[in-house]
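Protein chains: 2
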Amino acid sequence: MKVLVSLGGNAILKHGQKGTAEEQSVNVQNTAKHLAALLRRGERIAITHGNGPQVGNILLQNEISKETLPPMPLDVCGAESQGMIGYMLQRALRSELGSGAANVPVATIVSQTPAFRNPTKPVGPFYTAKEAKQLRESKGWRMISDSGRGYRRVVPSPTPLDILERDTIIRLFETGTVVIGVGGGGVPVIRDKDGKLRGVEAVLDKDRTAALLGKTLGVDTLLILTDVEQVFINYGMPDQRALDRMTVQECKKYLAEGQFPSGSMGPKVESAVSFLSDSNGKRVGIASLEMAEKALDGRAGTTITN
Amino acid sequence: MKVLVSLGGNAILKHGQKGTAEEQSVNVQNTAKHLAALLRRGERIAITHGNGPQVGNILLQNEISKETLPPMPLDVCGAESQGMIGYMLQRALRSELGSGAANVPVATIVSQTPAFRNPTKPVGPFYTAKEAKQLRESKGWRMISDSGRGYRRVVPSPTPLDILERDTIIRLFETGTVVIGVGGGGVPVIRDKDGKLRGVEAVLDKDRTAALLGKTLGVDTLLILTDVEQVFINYGMPDQRALDRMTVQECKKYLAEGQFPSGSMGPKVESAVSFLSDSNGKRVGIASLEMAEKALDGRAGTTITN
Numbered sequence: 006m007k008v009l010v011s012l013g014g015n016a017i018l019k020h021g022q023k024g025t026a027e028e029q030s031v032n033v034q035n036t037a038k039h040l041a042a043l044l045r046r047g048e049r050i051a052i053t054h055g056n057g058p059q060v061g062n063i064l065l066q067n068e069i070s071k072e073t074l075p076p077m078p079l080d081v082c083g084a085e086s087q088g089m090i091g092y093m094l095q096r097a098l099r100s101e102l103g104s105g106a107a108n109v110p111v112a113t114i115v116s117q118t119p120a121f122r123n124p125t126k127p128v129g130p131f132y133t134a135k136e137a138k139q140l141r142e143s144k145g146w147r148m149i150s151d152s153g154r155g156y157r158r159v160v161p162s163p164t165p166l167d168i169l170e171r172d173t174i175i176r177l178f179e180t181g182t183v184v185i186g187v188g189g190g191g192v193p194v195i196r197d198k199d200g201k202l203r204g205v206e207a208v209l210d211k212d213r214t215a216a217l218l219g220k221t222l223g224v225d226t227l228l229i230l231t232d233v234e235q236v237f238i239n240y241g242m243p244d245q246r247a248l249d250r251m252t253v254q255e256c257k258k259y260l261a262e263g264q265f266p267s268g269s270m271g272p273k274v275e276s277a278v279s280f281l282s283d284s285n286g287k288r289v290g291i292a293s294l295e296m297a298e299k300a301l302d303g304r305a306g307t308t309i310t311n
Numbered sequence: 006m007k008v009l010v011s012l013g014g015n016a017i018l019k020h021g022q023k024g025t026a027e028e029q030s031v032n033v034q035n036t037a038k039h040l041a042a043l044l045r046r047g048e049r050i051a052i053t054h055g056n057g058p059q060v061g062n063i064l065l066q067n068e069i070s071k072e073t074l075p076p077m078p079l080d081v082c083g084a085e086s087q088g089m090i091g092y093m094l095q096r097a098l099r100s101e102l103g104s105g106a107a108n109v110p111v112a113t114i115v116s117q118t119p120a121f122r123n124p125t126k127p128v129g130p131f132y133t134a135k136e137a138k139q140l141r142e143s144k145g146w147r148m149i150s151d152s153g154r155g156y157r158r159v160v161p162s163p164t165p166l167d168i169l170e171r172d173t174i175i176r177l178f179e180t181g182t183v184v185i186g187v188g189g190g191g192v193p194v195i196r197d198k199d200g201k202l203r204g205v206e207a208v209l210d211k212d213r214t215a216a217l218l219g220k221t222l223g224v225d226t227l228l229i230l231t232d233v234e235q236v237f238i239n240y241g242m243p244d245q246r247a248l249d250r251m252t253v254q255e256c257k258k259y260l261a262e263g264q265f266p267s268g269s270m271g272p273k274v275e276s277a278v279s280f281l282s283d284s285n286g287k288r289v290g291i292a293s294l295e296m297a298e299k300a301l302d303g304r305a306g307t308t309i310t311n
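Note that the protein sequences, when read in sequence, are chains A and B. The opening position of the first sequence corresponds to residue 6 in the working numbering, with each subsequent residue numbered one higher. The opening position of the second sequence corresponds to residue 6 in the working numbering, with each subsequent residue numbered one higher.
Chain A extracted, bound-state conformation (with noise of 0.2 angstroms):
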């Protein structure tokens, strides 16, 4: 089988933990037995994965050290967290694979993302104009005014239209190489009117591009590893129930009923709708890392299809 795997944060590092190189490593060394599990029973894996917290460290270094030094724009922080998380998921799995006979090539691609230029979206409920100046000072969010209906927060959220190095990934990928590419999402650039490419301060969705990435690989499958065993619905409430099937038209439906948080599962569901639409993909999986293998199987998790 052609699987994408997409990693989620905790794959790299865990809540609560405090980010330093050992517990990354720690974490990535676990990640790397349960993605070589794969290799092992005759899975072609290409990896991607996200960045949030690393990036947000790196972001804070530059913001801490900004006296001494010139701080550097988001888009070069992300592409030192895609050396850096591609670095350690490369040893890792270099390592749990051996210099054996499981000897197939593994091999990060620094990845850039074009991106839709004007990067906003309005999100979450209407404010008055006294609320939004409030919110603006307590939380930091950027307001603005909504079609005269009053005032909404809006987020960075670029689109992905293409990966730069599609070729390259296609290319690695379909002679045997594990592939780790589009970290983070990518490197959100765009090409100037002259056509030059200038990196976006923004980030994009991991689980976005990587609905993307799989149709550009063509793979059968996109498993989605994060930290929850499966996807709810009625989540918190007396009739919460876990979802082991679900199709496109009922992702689509619970979607529509807000079932899912914009910040958390949200994406997900609606990175497989998109996934197993106009591509080969025939399955997505949603699980914990320690159940990768079963839920390939569809034996745990939540497993997505058309």
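Hints are supplied without guarantee of correctness; some may be wrong.
In this list, chains with the same sequence are indistinguishable; a pair is considered to hold if it fits within one copy or across any two.
For lysine-lysine, the following DSS-like pairs were computed, each having C-alpha atoms within a straight-line distance of at most 27 angstroms [claimed, not checked]:
hint, residue 1, residue 2
1, K38, K198
2, K299, K287
3, K71, K23
4, K135, K71
5, K201, K38
6, K135, K258
7, K201, K23
8, K71, K138
9, K287, K38
10, K19, K201
11, K201, K144
12, K144, K71
Source of the hints: derived by calculation from the structure; they are not laboratory data. Predicted, not measured: the structure shown is a model, and the values here were computed from it.
Chain A is fixed; fit chain B onto it per the hints.
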């Protein structure tokens, strides 16, 4: 012609610059112009680069913010710098080549270099004697007095033995990708007794790894671009002389005479000797970035042959 271009630090950040993203972006765009000129005349190129100023700044950011965030070790910082510089080079070269006819793939491979430990090399900022003492005690760093300008941390500068991602780099190069690899000499790793790979807090000499990469790729020519026009003998003496051509024999003779400083031209000439021994290597050019094209034709810089 198959050419490995080894970019000196000044191709990315020039002496005396602060190191802002804008400065680096402008420098890298200029570098990309010269690289694109080589591609347009039909050369097949791979690229490697130094990372001294960048990894130094990342280390210093880690140091300054250590009360807030756990500092990353040198190997992880090196991987970050590969992501950062690879991204900037890719973006600039992609911009320069445009999206039209010359649409050759450009990709950075995060690279690990298994290495011996022994020699040493100063890295990062200068400290006072008092700070140096504290760092020795608190971190166990080795500190040396460097050129009378203060104290610096010294790290092992091991000999590169192999490039873990060699198969991937070769495959991409052979199929026409402009591959950027082994940045900063690669992240140095060693294999523990149990076969696990471990990062080493060390800096590899990029010139030394460039020779290894050039042999690995089987290129004809290694083009070392730096901030001087040519190799000199009797530098700074009344009989100072710039060399248009050198043989490997002459290189060895001059090296034995101590003609080349160990921090700058020495490793480049050693790298040339290494590249031209036991390989397909026919020629090494040492020249300034601006003279890249002419140097390839033997009309600028110093040309070294067997």
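Checked hints:
1. Taking CA atoms no more than 27 angstroms apart as the test, K38 paired with K198 passes between copies only; the shortest distance there is 19 angstroms, against 46 angstroms inside one copy.
2. For the identical chains of this complex, K299 and K287 are intra-copy neighbours only, at 17 angstroms inside a copy versus 54 angstroms across copies, given an alpha-carbon limit of 27 angstroms.
3. Within a single copy, K71 and K23 get their C-alpha atoms as close as 22 angstroms, and across copies as close as 12 angstroms, so both meet the 27 angstroms cut-off.
4. With identical chains, the CA atoms of K135 and K71 are at most 27 angstroms apart both within one copy (19 angstroms) and between copies (24 angstroms).
5. For a Cα distance limit of 27 angstroms, the shortest separation of K201 from K38 across copies, 12 angstroms, qualifies, whereas the shortest one inside one copy, 41 angstroms, does not.
6. For a Cα distance limit of 27 angstroms, the shortest separation of K135 from K258 qualifies neither inside one copy, at 35 angstroms, nor across copies, at 66 angstroms.
7. Proximity of K201 and K23 under a CA criterion of 27 angstroms is satisfied inter-copy only: 24 angstroms between copies versus 39 angstroms inside one chain copy.
8. Taking the closest pair of Cα atoms, K71 and K138 come within 27 angstroms of each other both inside a single copy (18 angstroms) and across two copies (26 angstroms).
9. Taking identical chains as interchangeable, the C-alpha atoms of K287 and K38 lie at most 27 angstroms apart only when both belong to the same chain, with a minimum of 25 angstroms there against 44 angstroms between chains.
10. Taking the closest pair of Cα atoms, K19 and K201 come within 27 angstroms of each other only across two copies (22 angstroms); inside a single copy the shortest separation is 38 angstroms, beyond that limit.
11. Taking identical chains as interchangeable, the C-alpha atoms of K201 and K144 lie at most 27 angstroms apart only when both belong to the same chain, with a minimum of 25 angstroms there against 44 angstroms between chains.
12. Taking CA atoms no more than 27 angstroms apart as the test, K144 paired with K71 passes in both settings, with 12 angstroms inside one copy and 24 angstroms between copies.
The structure does not agree with numbered hint 6 stated previously, though it agrees with all others.
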